[in-house]
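With the hints in hand, could you dock these two chains into one complex?
So the sequences go chain by chain: L and Y. Reading the first sequence from the start, the letters are residues 1 to 595 in our numbering. Reading the second sequence from the start, the letters are residues 1 to 189 in our numbering.
Take every hint as true, because none was put in to throw you off.
Below, simulated DSSO-like cross-link-like pairs (lysine-lysine); rule was C-alpha separation at most 27 Å, straight line:
hint, chain 1, residue 1, chain 2, residue 2
1, L, LYS394, L, LYS472
2, L, LYS186, L, LYS200
3, L, LYS200, L, LYS288
4, L, LYS288, Y, LYS149
5, L, LYS99, L, LYS125
6, L, LYS200, L, LYS454
7, L, LYS556, Y, LYS149
8, Y, LYS99, L, LYS288
9, L, LYS125, L, LYS105
10, L, LYS454, L, LYS394
11, L, LYS454, L, LYS472
12, L, LYS288, Y, LYS103
No wet-lab data here; the hints were simulated from the structure.
Read off the chains here:
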Amino acid sequence: MSRDRQPAPGRGSLRGSPQVRLRIGFILIAMVLSAFGARLVQLQGLDPNGYAAMAAAEGLTEVVLPAERGDILDRNGEPLADSVDGAMVVADPSLTTEKAPALAKFLATRLDVDYFTILPRLREKGSRYEYIARQIPAAQATAVVEAAKEEDFDGLWTERDPVRQYPADDVAANLIGFLGTPDPTKGEQPLAGMELAFDKILSGTDGEATYQRGAGNKIPLGDNTTVPAVDGQDITTTIDRDLQWYTQRVLRQTVESAGGSSGYAIVMDSRTGELLTVADYPTFNANKPADSPRSNRISRALSDPYEPGSVGKVLSIGALLDTGRVGPRLRMTVPGQLQRQDRPIGDWFDHGTIRLTLAGVLAKSSNIGTVLATDQFEDGELRSYLERFGLGAKTGIGVLGETGGILPGPGAWTSQAEDRISFGQSVSVNAVQMAAAVNTIANGGVRVDPEMVKGSATMADGTVVGTDTTTKERVISERAADQMARMMERVIDPDAGVAPGAAVPGYRVAGKTGTAQRVGDECACYDGSTTVSFAGFAPADDPQFTVYVVVQQPRKGSGGGSVAGPAFAKIMGYALRQYGVAPTGAAPSTLPVEW
Amino acid sequence: MSSPATQLRSRVPRIAGAAVERARLTVVPRTRAVRAARVPFVLFVSLILLLGVVGLLMFNTSMQQASFTMGTYQERATSLAAREEQLTAELEDLRDPEKLGRKAQREGMVLPTCTGYLHQDSGLVTGELCAAEQGTNLRLGDRVPPVPKAVDPDPIVVRVPSTDPGVSSTAADAAGDKQRERTSGNRRH
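Just chain Y, same shape as in the assembly (with noise of 0.2 Å):
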């Protein structure tokens, strides 16, 4: 009793015989063995390697350098950033209204009593005009502290009774102002 699957290999026409015969396996003859030279490709692998690693270390080395100049960098822009803040500091203690005035005023300047306007578009000057005068500064600079009382007492009063009976002391203190004044007045004429 024959298989189907005999049956079937029976039936297909045999094909290309000559290619299927020429396509079996044989045994190839066995040849010298070509080996290929080692130390040329470990010499490469380990220039690969020698590069690679000393690539690596430059490339720390300059990180690394990096850093070192990173931070003397920063220091210096830390100390010259306090030295310009020192510097603005200064200027502004040279811009205190204070000092300007006090220069101002050394080099004879005085504030003006009146201002005087000139409008552009209309030509006209309003305000009062008047000469800035001399004298009429304000006291700039320290005050001196005020010396304590325990140290400058009040002056200590003694009413004398008057030898005249006539003339009281009050009425006395008024005629001698009185006359201070007038003495103050000739002067002033």
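In isolation and in its complexed conformation, chain L is listed as follows (with noise of 0.2 Å):
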């Protein structure tokens, strides 16, 4: 039997024994086999969510819905910055060029646009997406994409092209910022002010949906997911539209009238430290900030440091009154000139020896008499009072850039630099700092932090600002305040003081002149150019309100008094009368100023 099975010599050179043939059989099927595994191991194992995903996106659409952009509000809710739903109109030149001629007149007839400037880009050789308007608004846009489609153009589509508008144009903007022209891949571009600092709070985030689509719409019984979008949020602000407005014109009137290159105008609620106005002057139009040069873009009243001055004597005179060592009716011998270990200190007006009290010293602005008065300084106590009155400090109200000023450190602080300090040179401050010194007068000698945001708000930096953070502190007695601004008052009063020009009729104001030397911008030393400012609140038994202005380089003969006083009066003014502040009636102050 077994001999029988023997296969034939010949036929098993051919196949070879089966259990080889067996054996090779096996392997294939083994190694197609561990093929498949592989690939099975690949598809679940390795990236099965990839594999997934593409295979429920065949045939989904994706839209992103766009976060709209807070607005910036003023404090009663007047919108100072505000988003619209804006779109641009695309076109693809290898549709259009066959028309463009008429397509380029229709649509300069209906848009804001520009013939010959379009008319090439119809007809861009090679190109299938051309910009031909932007940020115009959608309605607009979508009605003139129809009317050319009636009219048998074709080529032409809209896309999401979000404006920003700022509907005072010039009011605040150097606060506010403004928004580059938005990248279609990156969205908004914000590059200044508010917009830059608060961008993560204004931006929001935007949502997407996804869903099936059959011949251009949505199919009802489909897959579909929506993440909404989450809206940017409003910041409102402490800035007085109306109010801020004003200031801007009062105050653009008076740099121009008086030849000045530059100013700036703060006004504060005295109680609480809210900024109602920061104006600075030259400003610009936000809606076209690429028509003014960079320098006019930015805050200066934060970001320039400069000498107050004069002003300055209102914090040394009020520390001085806060030690007890002298009170408002100290009689002084002033002399004509004053002669210190470096160099001899003398008065804005020639005068030989005079005897003033020291609200006199102050009423006439006399540096010399400053000087002698805060001789009675121990050491470092003036430094100490400045540096609580919020010198060379920033304010942190939240804009970008602002500078802290220069307080001399006490390794600086010699004598002769004490002496200057005391009338306000050789320090430099930013106009919000020294505003809110001069407003702790105002406010008792209690030092309120000035802020512009309302409630609170996380710039990009992380600092949170606004007015939930505010702190307070005493800088000085309440006797010493309430001294210092009935010798304050004296500086408004048309006989005893030198600025009558500051007087809002009615009321008792209190307030403080400042001529100061300036540091030219080429020689950083003196030029002979000065800083002219007033600093005052009013009314001056119940303040309510604290302005400041200041005007840099006037023409030589200008003053504080005379160019910065009638400024102040009517800021003041407009701000007690819009808000309703009657005059307390108390009979003003009568402190004598010589002897």
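This is the structure:
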């Protein structure tokens, strides 16, 4: 039997032994199965979600649900910056070349575009995407494209292109900042001011909708998911739009009339520290930022350090009153010139030896009297007071690029420096810082942090600003502040003081002029130009507002009382009227200025 | 040998013998099979099927219709929202303080220089009362940008030595100023 089964030797040599064949067969099958297995592991084990997503994405449409940028509002809810749903009109030149002239004429009549600008774009060779008009209201863009279709023009469509509007053009533009032209992929481009500092809060998060589409419509029972957009939050500022506008116009007129190079005006709520106005001149139109030079698009009121001059006497004499060593009626003999260690100190007006009270020293703005009086400070005392008045530290109201000013350190604080610092030279400040320091007197000796944002908001660098974070600190006693206020009232007196132009008819006003030597931009030394200013508050016996006006580089011979004083009176008068602050009716200060 | 079960059965008395007899199975005589008509049933089922299919189709169609309507309305809502935004923006533009200020000035309105307050409770009038005056208005409107220095250079001043050796040029200037003041003063009075 076994002999029968023996294969023929000839056939065996051709097919080989069945065991070998079987083995080869198994190996082949195992290899194929291994390949299947490996592929299975790859599909299911390594990246199952990717394939599932690819399968699901088949036939799905994804659209971005754009988040609307938050508005920037004034204290009454009036918009300083708001977003409008805008659109751009885009053309495909491969479809528009044929009828380009007719289409260009059609578009030029309906959109604010130039015929000769868009004609080459409609004919651009090799391009399939050309901007025709950008940032126009969505309703208008859609209407134009539909009208074009009716007229048989092909190759036009609209795309989203958000529009940021600043309804009051230049009002508070230096604080608000502006956006650049939106980037089709990256979206809005904040470039300056609050738009940049608070971009995270304002911009919101885009949403996304995914749905199955058939014949241009959403399939009702198909898969669909929607992640709603989270709109940006509004930011409410403490700015009063009308007052800000009025202040800006008064400031512009003042700076122009005085031939100045720039100016700032601050209006502050004396009690809460809220900034009702931070005006800059020159300024720019936030709707057309490119029309103005870069230097006009920042807030000089916060980024320009300057020497405050005689307004600084309010701080040094106020601090001196707080020590209790002197009173407003302190009798002083003021010589015509004071020889000090390194140089003689003089007054702005020529005089021989005169007899002034401390109130008179302030009312007449005598440097010599101030230096003599502040000799009573102990070492380091004045510096510590000025530090607590907020000098040398940023106000942190939420403006990028703020300067902290320069308050000389204890090492550089010589007695000569102290002499000059007592009347506001050799120390530099920014305008908001100085307004807040003077406001300390108005607020009964308690310094309140100035704020520009209502509630609280987080800046890009993580700093939290806003009225919720306001801190208060007592700097001088209430009695000293009251004495100082009564002394400052004498500055406005037509007979006793130097700034009758700052009077607001019917109100008791306290204030102080400043005419400071100014450090020139080129020589970095006192170049003969000046900084004139006026800071004050009203009503003097129950202060509601603190106003500070500064003009840089006015014509020669201009003084704080004659240039900034009248501007102060106009702005203060407007603020008191607008907020219905009635005069207190109390008798004005009659402190003697001479003896 | 009999099993206990048999014994037990034999012990059970035969009860209801007649009933048991009756209940015994008997062969039922074969009757003619009654077959229900199949056609109505088939028709009935087909009808239900047809109604179902037609209903489903109509439901689907109405869903599609609703989808189209929703799409149309959504588009309309978007365009209306855009229109509203545009109108709001136009309104805001009209409320621009600068525009209002200029309009007020054109109407001849002026800013008050002082304010009086009438206190309702006491009937007192506080503050100063004075007439609002024309000519104290703010300068509004866009500024004309200053002409660059290159286009409007400073005047070239050439000091000409005085022909009269007794009078210096500054003294002559001062005298001229005084003369000008006098004439303008005369004109004013």
